[in-house]
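Novice: This is what each chain is made of:
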Amino acid sequence: MDIKGATNLLGNEVITTKLDEAVGWARESSLWPMVFGTACCAIEFMSVAASKYDISRFGAEVVRFSPRQADLMIVAGTITYKQAPILKQIYDQMSEPKWVVSMGACASSGGFYDNYTTMQGIDEVIPVDVYVGGCPPRPEALIDALLLLQKDLREKKYNPNRHANFKGALDA
Amino acid sequence: MPNIFTPLLARISPLKQTLSEDDLSIEVDAKNLFNNIEFAASAGFDYLVDITAVDYLSYPKTPVARYAMVYILRSTDFKSLLTIKSFIINEEVESITQLFKAANWLEREVYDQYGIKFTNHPNLKRVLNHHEFVGHPLRKDYIITNGQHCSIAESLMDEMDVQLEKHNLKDEEHMFLNLGPSHPASHGTIRTLVALDGERIKAAVTEIGYLHRGFEKSAEHHTYSQVIPYTDRLNYCSAVMNNVGYVKTLEEMLGVHVPKRAEQIRVMLMELSRIMDHLVFLAAQLVDMGALTNYWYLYNPREDVYNFLSKLSGARLTNSYMRIGGMSHDLYDGYEEDLQTIITNVQKGCADALALIKHNRIFHDRAKDVGIISAKDALSYGWSGPNLRACGVNSDMRYLKPYYGYDELDFDVVLGSHGDVYDRIMVRFEEIEQSIKIVKQIQATLIDGEINIADRSIILPQKKEVYTSIEGVMNQFKLTFEGIKVKPQEYYGSIEAVNGELGFYVVSDGSGTPYKMKVRAPSFLHIAALPEIIQEYQLADAVITLASLNIIAGEMDR
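From first to last, the protein sequence lines are chains A and B. Start counting the first sequence at 1; every next residue gets the next number (the numbering used here). Start counting the second sequence at 1; every next residue gets the next number (the numbering used here).
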């Protein structure tokens with residue numbers, strides 16, 4: 001029986017769609033962020049979560065600090081060389097599918113901390129899906145990153161192998 | 001000369017001495033260093049403010065040795081400052097940990113950053129940089145961009161074993177648990193390894209440095225004005241406060257005074273910063289207790305402050321609003337209305353939160369008599385600000401050594417009595433009220449006038465001048481590229497910041513770039529006491545005790 005036949009048979013009782021679309025829609029609408037907050041950007045994340053900007057409007061308010069329960073890592077703040085192995089460990093503990101947003105200048109590039117202790121961007125150790133500029137970015141900018149990611153998921157651009165060739169500085 | 005210095009100078013006979021107002025700087029021979037500090041401590045200078053070192057390798061005038069140690073002490077009444085400096089020949093000096101508990105971590109930092117060894121130190125290992133790091137970054141011959149990857153976090157069991165032995169505990173009878181660094185209650189950057197017997201903490205070791213982002217080395221590579229944005233990111237919950245602390249120190253070094261209006265605006269913004277910082281503290285503290293509703297009540301008024309600050313400076317969080325010699329521009333038209341909104345909403349938020357917790361049995365049971373520290377220990381650890389005031393010690397510089405006309409303002413210094421989590425929370429609730437009182441007084445008495453000093457060697461020329469005259473262009477160019485020239489000196493300046501005494505020890509060499517800059521960060525000294533004060537409490541108590549210290553990692557790790 002083809003889809004049309006099934007629709008005729010079941011009438012308005014069910015909605016038929018493609019599996020990819022259904023999964024994409026579910027993923028898009030229920031991102032669970034794990035906030036890896038270390039510095040100033042984490043304070044701006046607090047604003048994103050508070051009533052005025054309210055991340056729950058975008059279906060991503062279930063902030064979890066356990067990597068096992070999250071699929072979206074938001075790295076909010078400077079990552080130092082000392083912090084890097086921790087960041088990588090937490091990232092590795094998240095199960096697939098997972099995404100990473102690099103929030104702010106420091107996480108994206110080291111920012112204006114071009115020195116002996118600051119990693120020049122988290123993509124030295126983990127792959128990043130969306131970079132957000134700003135020091136710190138305004139809450140709207142982080143929401144924009146979230147929308148970008150959701151758009152990708154909606155348009156089924158999610159590719160589980162997109163970082164297959166990534167090799168970070170701490171990967172064996 | 002204040003009487004307090006007389007017995008000191010009679011006994012110590014320094015190689016050099018400089019006296020200004022209440023402050024004395026002396027240079028002593030390295031051989032007598034420990035004895036002199038011990039004597040100073042017994043002669044009334046019993047509060048250790050800071051320890052640092054200076055590397056004179058590339059200093060224009062070569063002194064007697066490459067390294068010098070600097071100890072900054074305060075008198076019991078906090079009013080007089082004593083700076084003891086000593087050149088050391090063999091990169092080794094005796095530890096003063098037996099005199100001050102604060103010296104433990106401060107000396108570790110000097111060892112970490114400069115490689116100076118302290119004999120008789122109980123635990124001389126790195127504190128800010130990671131354990132695989134090679135070299136000492138604040139040495140002048142360490143290249144600033146020379147980063148070193150860290151492959152794995154250290155186990156900390158070396159320190160834990162010492163603790164277990166000290167408390168006569170057996171390794172196999174305890175469960176070891178890492179609280180942090182990535183843990184919702186550790187605020188992302190603090191790691192505490194605890195040895196548990198059931199839920200009870202028997203021993204603890206704290207590790208910091210996860211947000212050490214090289215403020216001090218970066219400052220050595222930027223002009224004095226370029227350092228201002230870096231100061232924003234020390235205590236990023238109250239950026240303007242750090243701006244003021246920094247520019248005030250520099251203005252004191254330059255010997256200039258900002259106009260009265262600038263002082264008033266600074267006080268107003270500092271008190272607003274205090275309010276917004278305490279709001280984050282209280283919101284986070286209560287969330288850590290499981291009281292989430294308070295977060296919305298207390299955090300939302302911060303948005304009103306952000307609204308005001310973005311109109312004023314263009315940025316919500318990292319404002320960079322202050323300039324050496326004044327500030328970037330004056331208040332905007334109609335700011336009064338926004339200020340009123342802030343005050344109304346902050347008061348409402350605090351009242352709502354207090355209505356939930358003030359008579360709440362759970363809150364009282366959890367916060368009272370938890371995480372207690374005695375006033376004596378707190379002083380020995382170098383605590384300051386609301387955390388020290390919660391122990392009943394008045395250390396408020398705004399009151400004891402008033403600056404910017406704080407002596408003309410009517411406000412109460414808020415003191416606690418128990419030094420527990422409850423006091424640390426309640427002191428901050430009341431300080432918000434007092435800061436509102438100050439803001440209102442400033443608003444009522446704000447005078448018209450200039451906001452910047454009229455000194456072309458410090459303040460940038462007006463844009464009109466830059467675009468229309470060669471003198472203006474040259475003025476702008478020189479100030480931007482060469483920086484403000486500060487004549488060679490070594491100076492410590494401080495303010496009463498949100499978390500306590502925020503100080504800057506600056507060594508200038510006559511150029512437009514700081515030769516050395518050390519930040520005296522209150523959070524660094526507060527966190528050092530954590531392992532001791534959470535002992536014998538339950539694990540859940542450790543979480544709220546940590547929160548009650550209001551550790552801001554940017555300031556702690558710099």
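No lab work stands behind these hints, which were simulated from the structure alone. Note that the Cβ used here is the ideal one computed from N, Cα and C, for glycine as well. Among these hints, one or two may not hold up.
Pulled a few chain A residues facing chain B out of the computed Cβ check, cut under 10 Å [what the hints assert, rightly or not]: (1) Pro-67; (2) Gln-69; (3) Thr-117; (4) Gln-120; (5) Pro-127; (6) Val-130; (7) Gly-133; (8) Cys-135.
25 Å max Cα-Cα, derived BS3-like pairs, lysine-lysine [what the hints assert, rightly or not]: (9) B:Lys-311 with A:Lys-52; (10) B:Lys-348 with A:Lys-52; (11) B:Lys-16 with B:Lys-125; (12) B:Lys-61 with B:Lys-31; (13) B:Lys-125 with B:Lys-140.
Novice: Kindly indicate which numbered hints from before are broken by the structure, ordering the numbers from low to high.
Specialist: 2, 5, 6, 7, 11
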